[in-house]
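K.L.:
One letter stands for each residue in the lines below.
There are 4 protein chains.
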Amino acid sequence: MEKVNTEKRVEIIEAALQLFSERGFEKTTVDEIANKANVGKGTIYLYFKNKEQIFMAVIEEGLSKMITHLNQIFSHGNYMTQLREMITYHFKFVEENKDFYKIFLKERLNFCFYDNPSKTKIVELHHQLYRLLEEFFHNGIKEGYLRLGNPNYYSLSLSGMISHFIVHWLTTGETESITSMTDTILEIFLTGAQKTK
Amino acid sequence: MEKVNTEKRVEIIEAALQLFSERGFEKTTVDEIANKANVGKGTIYLYFKNKEQIFMAVIEEGLSKMITHLNQIFSHGNYMTQLREMITYHFKFVEENKDFYKIFLKERLNFCFYDNPSKTKIVELHHQLYRLLEEFFHNGIKEGYLRLGNPNYYSLSLSGMISHFIVHWLTTGETESITSMTDTILEIFLTGAQKTK
Amino acid sequence: MEKVNTEKRVEIIEAALQLFSERGFEKTTVDEIANKANVGKGTIYLYFKNKEQIFMAVIEEGLSKMITHLNQIFSHGNYMTQLREMITYHFKFVEENKDFYKIFLKERLNFCFYDNPSKTKIVELHHQLYRLLEEFFHNGIKEGYLRLGNPNYYSLSLSGMISHFIVHWLTTGETESITSMTDTILEIFLTGAQKTK
Amino acid sequence: MEKVNTEKRVEIIEAALQLFSERGFEKTTVDEIANKANVGKGTIYLYFKNKEQIFMAVIEEGLSKMITHLNQIFSHGNYMTQLREMITYHFKFVEENKDFYKIFLKERLNFCFYDNPSKTKIVELHHQLYRLLEEFFHNGIKEGYLRLGNPNYYSLSLSGMISHFIVHWLTTGETESITSMTDTILEIFLTGAQKTK
DNA sequence: GATGAATGAGCTTTCATTCAT
DNA sequence: CATGAATGAAAGCTCATTCAT
Numbered sequence: 001m002e003k004v005n006t007e008k009r010v011e012i013i014e015a016a017l018q019l020f021s022e023r024g025f026e027k028t029t030v031d032e033i034a035n036k037a038n039v040g041k042g043t044i045y046l047y048f049k050n051k052e053q054i055f056m057a058v059i060e061e062g063l064s065k066m067i068t069h070l071n072q073i074f075s076h077g078n079y080m081t082q083l084r085e086m087i088t089y090h091f092k093f094v095e096e097n098k099d100f101y102k103i104f105l106k107e108r109l110n111f112c113f114y115d116n117p118s119k120t121k122i123v124e125l126h127h128q129l130y131r132l133l134e135e136f137f138h139n140g141i142k143e144g145y146l147r148l149g150n151p152n153y154y155s156l157s158l159s160g161m162i163s164h165f166i167v168h169w170l171t172t173g174e175t176e177s178i179t180s181m182t183d184t185i186l187e188i189f190l191t192g193a194q195k196t197k
Numbered sequence: 001m002e003k004v005n006t007e008k009r010v011e012i013i014e015a016a017l018q019l020f021s022e023r024g025f026e027k028t029t030v031d032e033i034a035n036k037a038n039v040g041k042g043t044i045y046l047y048f049k050n051k052e053q054i055f056m057a058v059i060e061e062g063l064s065k066m067i068t069h070l071n072q073i074f075s076h077g078n079y080m081t082q083l084r085e086m087i088t089y090h091f092k093f094v095e096e097n098k099d100f101y102k103i104f105l106k107e108r109l110n111f112c113f114y115d116n117p118s119k120t121k122i123v124e125l126h127h128q129l130y131r132l133l134e135e136f137f138h139n140g141i142k143e144g145y146l147r148l149g150n151p152n153y154y155s156l157s158l159s160g161m162i163s164h165f166i167v168h169w170l171t172t173g174e175t176e177s178i179t180s181m182t183d184t185i186l187e188i189f190l191t192g193a194q195k196t197k
Numbered sequence: 001m002e003k004v005n006t007e008k009r010v011e012i013i014e015a016a017l018q019l020f021s022e023r024g025f026e027k028t029t030v031d032e033i034a035n036k037a038n039v040g041k042g043t044i045y046l047y048f049k050n051k052e053q054i055f056m057a058v059i060e061e062g063l064s065k066m067i068t069h070l071n072q073i074f075s076h077g078n079y080m081t082q083l084r085e086m087i088t089y090h091f092k093f094v095e096e097n098k099d100f101y102k103i104f105l106k107e108r109l110n111f112c113f114y115d116n117p118s119k120t121k122i123v124e125l126h127h128q129l130y131r132l133l134e135e136f137f138h139n140g141i142k143e144g145y146l147r148l149g150n151p152n153y154y155s156l157s158l159s160g161m162i163s164h165f166i167v168h169w170l171t172t173g174e175t176e177s178i179t180s181m182t183d184t185i186l187e188i189f190l191t192g193a194q195k196t197k
Numbered sequence: 001m002e003k004v005n006t007e008k009r010v011e012i013i014e015a016a017l018q019l020f021s022e023r024g025f026e027k028t029t030v031d032e033i034a035n036k037a038n039v040g041k042g043t044i045y046l047y048f049k050n051k052e053q054i055f056m057a058v059i060e061e062g063l064s065k066m067i068t069h070l071n072q073i074f075s076h077g078n079y080m081t082q083l084r085e086m087i088t089y090h091f092k093f094v095e096e097n098k099d100f101y102k103i104f105l106k107e108r109l110n111f112c113f114y115d116n117p118s119k120t121k122i123v124e125l126h127h128q129l130y131r132l133l134e135e136f137f138h139n140g141i142k143e144g145y146l147r148l149g150n151p152n153y154y155s156l157s158l159s160g161m162i163s164h165f166i167v168h169w170l171t172t173g174e175t176e177s178i179t180s181m182t183d184t185i186l187e188i189f190l191t192g193a194q195k196t197k
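Protein sequences, first through last, are from chains A, B, C and D. Heads up: the first sequence begins at 1 in our numbering, then just goes up one per residue. Heads up: the second sequence begins at 1 in our numbering, then just goes up one per residue. Heads up: the third sequence begins at 1 in our numbering, then just goes up one per residue. Heads up: the fourth sequence begins at 1 in our numbering, then just goes up one per residue.
Derived from the structure by calculation, the hints contain no laboratory data. It is possible that part of the hints are untrue.
A pair counts as met if it fits within one copy or between any two copies, since identical chains are not told apart.
Stated by the list, open to error - Computed cross-link-like contacts, DSS-like style, restricted to lysine-lysine with a CA-CA straight-line distance of at most 30 Å:
hint, residue 1, residue 2
1, K51, K142
2, K27, K49
3, K51, K98
4, K51, K106
5, K195, K106
6, K36, K195
7, K98, K41
8, K92, K49
Quick caveat, the model's predicted, so the values are computed rather than measured.
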């Protein structure tokens, strides 16, 4: 019933992405998506089984992009460069995909509850992202760049810092580029906030 | 039209809190809230102008609780104790107010868009929380506990770490108490993740 | 969710009965029913779970009426009088409940397929009607009024004759009262069409 | 716009016949018909103006078949043989055209309302069938096989008996061949159900 | 104050029909 | 001739809100 990737499908996803991020899933109507995508309302249902599937496709799209790029970053260069680039990439990504990131931040909490088959792809991608970071921090310890410790805790800490800076940036009007925060975060993450004697 | 605090109002808020956190705002019906609160559906509209106002009240309630308690923590004891207690308190709070915290995490992003008069109270409280933490970190620097730097960045970093650990905890089944994470977070925040020679 | 018998419920059933018989189930919209019944569309759903349940209620209503009356007829008088009255009653019933009878004639074929719980009541009533007639003809044989034979075949034959006369009457403009057909049918049923020497 | 009989047209009618009898007219989609007939959806509209016309063609097809065959039966043999064969033919027909007969039984009631030009063909055929039987019973009286009386009443009586036996057979699982009912019906129709002294 | 029956705007989804290829 | 992607009117149903009691 659902058609494969075509120009129309992409247009629908892009329209939906914007609207979902502006008004949220529930407050966005299929009519609005159709209008913004310049397709008939019925057309939407040629490409997606229902409104929820559009949402899933939107998330999938964004998560896949993130994973692909992180994999690229982690595939060459030395560790510290990768660390810095990972942070910068997050900021660049959010600047370019503000809409997706807003949705992502809101929906993270629900990913775990996605049990029905139509959502497993999302859960799978989210796990992939999680494991990618875990491995990265695991390597950091093994290669002697990071202190001994649970790599997941490092992962959660840095991710938390990054996403919280982003939340702050998004909610305070997105003045200036947020990429300039890279060094700040890197320093706090690596050397901590405590005054050394 | 809106009545002041009474037992009924509290019951409505508590019922709504639970339902909103379980199903989200849109998927919760006023009927359900009325049932759970053991009041008539019409009664709800004696205490709240509309469904959205219930939501606002729920958020207000939670934010006020947090602010009150943080103020208490910051009012006595030495700095490092306050820092540790602040983290522990967050964890305790989320354990006791899981429902509210979920909503809070999701809605944070929207606080900035709350322009209409009915939401200013929320924005105000959110700012208060923000300033409270800013001041706390500002003091940490002034009193020589924290390295020189922008107190907001410290605030964002630690808040991000805390909330991200909570997200992880919430989405992985809430096994064990999360308060045990206090030391882990404190250490990473204070001394960083980098291996020292 | 469904309210019990009230004036509104009755009005909805009556409006639906008319519309269903005029346009058929599918071509009748809930809006139309609501309009004809002078209630809001939403009100319909206070009394019926969905459109199909209205239909079921309509059928139930009519079948119950028929069964009740047939029971009355079969409860007193001698056999031949009962037989005649039964036929007359069918004609009177269809004259007074033309709408229902049309629906009944069309839906008979589907009664057997009504497996889901919401329809068992209908199936049950239909069986009741069937057994009532079977027993009536069984008695006719036992009491020596009817020739030896399978009572079901007599039941099917007479019912068939009656309903076909009704179909004819309904489709040819319902000129004159159809009750005048009672004797014609009775005679053919009892003594047959063949010329006796 | 409508093409004459071709293989494709026949396939569409046959597919529609089956689907209409299974799900009814409204619940059958043009897509389904197209799929079952192995033609493109657009192709259907080369052969039929709209969905309703497919339905009409289905009915026409079946009625024509019945009329043709009844004419054959009535064209040779003696009267009583013709009578018996007419009944048997009905049963054989329904066994071979169960789908059509179900639709026919349901739609009979509407034939009279078919006023618009697209339906006159149906009405015409239905009248033809009616007159064919009327004439047959008229002859039966004239030739001394049947008692004096209105031939239409005999026609309605026997037709009613036959179709009601068929309804019963269709709704009770179609166990055994229904053709075995021929004698039963014939006897009741000819000699009646009343016990003779 | 408290209620819940009543409402209709508004939603998602379906599907007969068209038409460019 | 044949097709199926595209369409939007129209349907069933939900639910926030009102208001007579």
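K.L.:
Are the hints correct? Go through all of them and say.
P.N.:
Going through the hints against the structure:
no.: 1; hint: K51 / K142; verdict: neither (45 Å within a copy, 53 Å between copies)
no.: 2; hint: K27 / K49; verdict: both (19 Å within a copy, 20 Å between copies)
no.: 3; hint: K51 / K98; verdict: both (21 Å within a copy, 29 Å between copies)
no.: 4; hint: K51 / K106; verdict: both (18 Å within a copy, 21 Å between copies)
no.: 5; hint: K195 / K106; verdict: neither (35 Å within a copy, 34 Å between copies)
no.: 6; hint: K36 / K195; verdict: neither (53 Å within a copy, 51 Å between copies)
no.: 7; hint: K98 / K41; verdict: within (26 Å within a copy, 39 Å between copies)
no.: 8; hint: K92 / K49; verdict: neither (33 Å within a copy, 42 Å between copies)
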